[in-house]
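Protein chains: 2
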Amino acid sequence: MNVQFDRIALIGIGLIGSSLAYDIRRLGLAREIVVATRSPDTLKRAKELGLGDRYTTSSADAVEDADLIIVSVPVGASESVAKEIAGRLKPGAIVTDVGSTKASVIAQMLPHMPEHVHFIPGHPLAGTEKSGPDAGFPGLFEGRWCIFTPVAGTDVAAMKRLRSFWEALGSKVDEMDAEHHDKVLAIVSHLPHIIAYNIVGTADDLETVTESEVIKYSASGFRDFTRLAASDPTMWRDVCLHNRDAILEMLARFSEDLAYLQRAIRWGEGDKIFELFTRTRAIRRSIVQAGQDVDAPDFGRPHALDKK
Amino acid sequence: MNVQFDRIALIGIGLIGSSLAYDIRRLGLAREIVVATRSPDTLKRAKELGLGDRYTTSSADAVEDADLIIVSVPVGASESVAKEIAGRLKPGAIVTDVGSTKASVIAQMLPHMPEHVHFIPGHPLAGTEKSGPDAGFPGLFEGRWCIFTPVAGTDVAAMKRLRSFWEALGSKVDEMDAEHHDKVLAIVSHLPHIIAYNIVGTADDLETVTESEVIKYSASGFRDFTRLAASDPTMWRDVCLHNRDAILEMLARFSEDLAYLQRAIRWGEGDKIFELFTRTRAIRRSIVQAGQDVDAPDFGRPHALDKK
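So the protein sequences, as listed, match chains A and B. Reminder that position 253 of the first sequence reads as 253 in full-length UniProt numbering, one-by-one numbering, no gaps. Reminder that position 182 of the second sequence reads as 182 in full-length UniProt numbering, one-by-one numbering, no gaps.
Worth double-checking, as some hints may not be accurate.
Pairs involving identical chains hold if they fit within one copy or between any two copies, as the list cannot separate such chains.
Unchecked claim - Pairs of lysine-lysine, BS3-like flavour, derived with a Cα cap of 30 Å:
#, residue 1, residue 2
1, LYS172, LYS216
2, LYS47, LYS90
3, LYS160, LYS172
4, LYS90, LYS44
5, LYS216, LYS160
6, LYS216, LYS130
7, LYS216, LYS272
Read the hints as simulated data drawn from the structure, not as lab findings. No experiment lies behind these values; they were computed from the predicted model shown.
Please build the complete structure, drawing on both the sequences and the hints.
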């Protein structure tokens, strides 16, 4: 056992919240886990899964006497959670979150945080396309990055404590300012999701190609996009609305590049196309070398003979 | 042994050609495999891998007395192969190909095919992001679709023989006309590859986010695109140039849809965003139900705890 906190309150118990619950329990990081979610159905399911020691639909009740509060809700709900819990936070408590956009979360939560707590915005880069408490699993954060975007004047000791927590889960911790985080995530995460959602929508709308053909032949490329496009709609709608400026900037660049490529296709400029298609190969190699993806062909999906 | 052909000539010995070689041998589908490729280096490698019984850099020599000729080259090279082999084809031989675009391949090859052979264009929807003779493996075609796009007046018996060949490899065979094939593939395969290449290029060009940040944090979505964007540049340049019209049509639709989504993000229209993000989830479910992708989160990529 490696107890770091007496009581941890998990506000929100979806994929991230439930994975946190499994790991806190497995690693013995808290004496008590309090689970809070607004939805009675989700709370019931969390209970059935045995994710916490106490359960409540009230975030305010949940944070009572908690040493660490982790808010894992769609980013658009950050302000209402902050308002609800503000008056019940114990002096010295650490409040953190896991939201995919950081400037917006800070703007929504910081004004409500009392002086006597440590508010440290965070973002674990971990997850899958599944959502809800049933999607969580132990080890989700192992080997993944967690980015802190601390505000000015953050207590060094509190930050160190929170860092130890994430490191106990197996994560590597980085720090950057919220604006930079939002730009980085716009390109590595938000734009890919938006593009994936968009292309799947385009395919769904065709008249000349049937939906059953799209599905039947999807292994020739399309299916790779459908994974991201199956992610939680509420979470991703909120990301779009709350990292608007950085996303619009990346979308503008993407569209500009696509117009260039489209023109090269129209005019048969094979060398321009070839140059791009060669350059992008190198990036894949770097990602595999950095251990950020598997080297096995097809993401290591099983091929027919493997199954026999 | 289940010999279907006395001599099979493989023109081109990359990922597809070499996978064919492994399966023809493994399943005993031919008495003799002749391997031809223009590149002496590739031919040498094919020899080292033991892919054939005879090896030549001359396609013309390779097809001599062959009963089945499978052309597996970038689609832009189809016409020059057709010209080279035309005068040496034996009466009654079946000539097929594996190209990703079909109207163009027919336009390039059909005029050169002598009356006394059976030219049956084909397209196995199989492959990985790897290329070259080292990328091939037995079983690549097992459980995958192979689409024939026969021209008018094709001999029924020859088509049946070719169908049996692909079925022996474990493939399911479909037939459609070349124009429809090119539209279907434009959306399920060509557009996804082009979009993947494009977004990886956009990320590579940023000034405010470093390349090392893109790589480091790529697991949050971006890496899914890098697999397709690591595909063979020559093959994909040729696809772009040889299925131009269908690709430009799909690109126009995609861009139109993206402009709509971008506008919804700019104006904070959460319900429009939510509607799309919900609709796309259903497509993923259908693909998984149809057995066209794995249901495991993250394409079944191993998570940290699995490896231990």
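Going down the list of hints, with the structure as the test:
no.: 1; hint: LYS172 to LYS216; verdict: between (40 Å within a copy, 11 Å between copies)
no.: 2; hint: LYS47 to LYS90; verdict: within (25 Å within a copy, 73 Å between copies)
no.: 3; hint: LYS160 to LYS172; verdict: within (13 Å within a copy, 58 Å between copies)
no.: 4; hint: LYS90 to LYS44; verdict: within (27 Å within a copy, 73 Å between copies)
no.: 5; hint: LYS216 to LYS160; verdict: between (51 Å within a copy, 22 Å between copies)
no.: 6; hint: LYS216 to LYS130; verdict: both (22 Å within a copy, 23 Å between copies)
no.: 7; hint: LYS216 to LYS272; verdict: between (32 Å within a copy, 28 Å between copies)
Of the numbered hints given earlier, the model fails none.
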